[in-house]
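> The lines below spell out each chain.
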Amino acid sequence: MNHNSAFSQTEFETLCGKAARGAGLDWGLAEEAGKAAGWMYIRGINAASALVKAISSAPSPAPICGDDNWGGQTPICPIHTGAALVDYAGLNALPSRITNLRQPVMIIPFLAMAADLMGCQFDLLCNDIRLSVTAQAIIGAADDLCALTGLDCATVQITAAAITAQPDHKPQFAVVDPSAIAALDALGARTYVPATESSRQSGAGAGTSDND
Amino acid sequence: MTDAVHRSDTPLGPLHRSPDQVMRLARMGSAHPMRLSFLRVLLRRVAQEGWEFTRTHWQMDARGVGRAVYRAKGPQRSYSLVAFAHDLPDEARSDRVIATAWDATFTLFDGEPTPTDLDRLAANVPLQEAGRISAKELSLSRANRSVRLFNHVVDRLSKGQQPDMDQIDAVGYLMRTTAVYGSGKFGAADRALIADRAELSAPFQAEMLSVWLTRWFIMDLVNHLAAHKGGAQAAQLDPGIARRLGVGNSTGLGMAPFLVRHPTLINNWIFAREEALARVRALPGVTADQGVTLKNTLAAAQENAAHWQSDHPIQIAKLADLRQDLAAIETHLTQWPAGQMPWNALWLWGQDHLSIEGQEALLSIMLEPHGDLIDGLAECMNADEAKAFRINGAMPIADLRHILQTHYDWALKIDFNDPGQMARFWYVSEEKLEPRLGERFLEDGAELEQPLAIAHLARKLYDALAAWDDTAPVAALLLAHPQHRLMVRRAQAAPKYPFAEVRDNLIAHDMLPIDLMRCKLAFFGATRFDPRSDKWVRISLFSGMSYPFEITAGGAI
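Chains as they are written, first to last, in my numbering: chain A, 1 to 212; chain B, 1 to 557.
It should be emphasised that the hints constitute simulated quantities derived from the structure, not laboratory data. Keep in mind the model is a prediction, meaning the values are calculated, not measured. One thing to keep in mind: the hints can contain errors.
Cβ pair distances, simulated, as ranges [what the hints assert, rightly or not]: (1) B:418 x A:130: 55 to 63 Å; (2) B:169 x A:56: 51 to 59 Å; (3) A:44 x B:50: 18 to 26 Å; (4) B:480 x A:152: 50 to 58 Å; (5) A:56 x B:192: 22 to 30 Å; (6) B:76 x A:152: 45 to 53 Å.
Note that CB positions come from ideal geometry on N, CA and C, so glycine has one too.
Only chain A is shown next, with the shape it has when bound in the complex (with noise of 0.2 Å):
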């Protein structure tokens, strides 16, 4: 595939969705791999390599949700993590602290998510890296964002709080590391199923003359 040119959203998320797919996440998780790359991708945040070091080697578990604090022995997966996060956010349930979270950065399209449900914005400290979440904005300063995107894994602490700003989201798509978009692709591909003799006779357009 030639991808010299930028991707859209729709053709990004597809592309994550399908190599999160590739990586082994089901299929609901994958899509929703997809869905917030898309987020980020658009808020010119390179999603493409976060993704990648989030799935490539073997799947990291789901966490361990204690009251106060998710986590898990071994790195847990942003995926994963995020979509508990949004599904715990409809109970007033959500941990202040998450541990030992792989890719962190990939857990802001899931709190933007929680965000808009429950109608606040989340603080996120992460080291010594701060930043906001609302529903459509990332709040706070680029470099600590670009911190942010440099962790493989971390501790992210979040807080719930009144929406301070409502800054205006234009798309701006991020500038996305070839090499990342090829290691997606190869990983999109392990859902494909190999043709054989059998399925080519089989196929849609098999002994029909397509050409008349």
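Based on these hints, arrange chain B on the given structure of chain A.
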């Protein structure tokens, strides 16, 4: 149980058909185009708004190689079809998605392209999937000549003669598109960027505009080639013959999963049609104009059925049903209208006396006289799919169980221990990069099954719920069992979107993918549905309709 489930969420009234009746494959596979079909929506808009259509660029050599631009100018914006015509050797012509060359390639440009845009598009559009387009483009498509008809028409015209009408009717189009991509494909503009434009808010309007302008290009191309071949003696294609010709389309299994993957969108299409039928059935009387339009529409349907050809045994049987049923309707109308709510009486008579094929044809015919009553429903046929995406983690398991029992009872009745009900699996072929159907017990690859067997997913979810307490939240279920996430999302949307699910088993041994295709294509407005197997079809678009240059402000369509 919470109010969310106890409350009557259904938007359906007594004159609406039920999803159990409507969403069966046999009925979906008998769908006919109608007033709310997307190409009709487009044609109504451009006529009502007085759009202007101009061929702004034509640079074509004697072999028909070159480029052309057709501009559609609306009240707010312009769109341009950019066409590239190629000289394709016969042996390279294939409708399959794996083809790498075509007779002509197209894109719908958002606005009017500059020479720089045209050069960029010339370097990419002819490559189709292997090229890239940008957010300035709304579609990407290609078309191949009908070998049977194209050369015949050019030859005849070049000799100053009109083509043979039997051959025109046997094929019905000069070129057929083999894919029309929109919505962000290959770098094109995302749907979200254009969905707020009135002229593009109904589904597939950019794609329909592209195909309609392509029809004009094709007519210009045959006239151009005939003029070069025949010189002064060449004739132009007779407008009456041109009017009969549509744009062909060749479609394989790739289209079938779309209906399953876009449940809220499909609900909104079907709901709009069913709401239209319910409104018509509720009318207290028949005006003289309505009666005349109804009879004219029936006559047109009979004419269409007479010309509608297929070699496929299933379609041959359906066409026989259709012709017989249209004749029965004609006879019945001699004693109609009578009594109160005559439209409802007509509909109920049809349900008792017509085949499914005939009933669905009657639906389309009955909608035709009622533009004022139903055309506005076209505005409700798009969908904000993001709205139904978020799962309600707070929903108690009891409510989810209740949804499955009430909205997926059809699925829970299927015996998946019967190998015939598990016979197939949907997958994406590595070789074709297209959805395909495999035989689960005969072929490899079932572990890579795509999640299209919704009935089976509903069954598995329902079984999993047996181990859960009524009061536990869905969030806890999904934390422990993420494999049910996709099905939970669909199930939670079901009460609000009654027509979201195809209520049949999509992996059963006797399932016909062409039934899904016909439903979607009828919503596009396709005619002459002609299955070439149970997995791919040919159809025609815009056959019998106006060309862009024939549109006049306020004119009838």
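> Looking back at the hints listed earlier, which ones does the structure fail to meet?
Violated hints: 3 and 4; rest satisfied.
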